[in-house]
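First residue of the sequence shown: 26, per the numbering used here; consecutive thereafter.
Hints listed in this document are in silico derivations from the structure and should not be mistaken for laboratory results.
C-beta: ideal position from N, C-alpha, C; glycine also.
Don't take every hint at face value.
[To be verified] Listed next, with one range per pair, are the computed distances between beta-carbon atoms:
#1 I38 x N68: 14 to 20 Å
#2 S41 x G65: 17 to 23 Å
#3 S41 x K74: 16 to 22 Å
#4 I38 x R63: 25 to 31 Å
#5 E29 x P73: 15 to 21 Å
#6 P35 x G71: 14 to 20 Å
#7 R63 x P35: 27 to 33 Å
#8 D30 x R63: 16 to 22 Å
[Said to hold, decoys possible] Calculated pairs, DSS-like style, for lysine-lysine (alpha carbon to alpha carbon, straight line, at most 30 Å):
#9 K32 x K76
#10 K27 x K76
#11 K27 x K74
#12 K32 x K74
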Amino acid sequence: MKLEDCKNCPHHIDYSQGQIHCRYWGTNINSVATYADRNGEINVVGCPKEK
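Turn these sequences into a full structure, and let the hints guide you.
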């Protein structure tokens with residue numbers, strides 16, 4: 026998932042320093058990580074919604 030798609034999710038709270046803050050389970054989690062692909066586009070790794 027691209028970072029922009031994550032930001033449009035109703036569970037998205039914030040993105041800072043490579044970590045996404047999410048309320049998917051009703052509490053803040055920040056274990057969702059990101060990486061930049063060859064084009065410099067930021068991708069989400071470990072989104073609980075996609076598991």
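A quick look at each hint next to the structure:
1. I38 x N68: 14 to 20 Å: Since I38 and N68 have Cβ atoms about 18 Å apart, the given range 14 to 20 Å holds.
2. S41 x G65: 17 to 23 Å: 18 Å, holds
3. S41 x K74: 16 to 22 Å: Holds: the Cβ-Cβ distance is about 20 Å, inside 16 to 22 Å.
4. I38 x R63: 25 to 31 Å: 28 Å, holds
5. E29 x P73: 15 to 21 Å: Check passed, 18 Å falls within 15 to 21 Å.
6. P35 x G71: 14 to 20 Å: 18 Å, holds
7. R63 x P35: 27 to 33 Å: 30 Å, holds
8. D30 x R63: 16 to 22 Å: Because 19 Å falls inside the window, the suggested range holds.
9. K32 x K76: Distance of about 18 Å is within 30 Å: holds.
10. K27 x K76: 15 Å, holds
11. K27 x K74: Distance ~13 Å between K27 and K74 Cα, so the pair holds.
12. K32 x K74: Holds, because 13 Å separates the two Cα atoms, which is no more than 30 Å.
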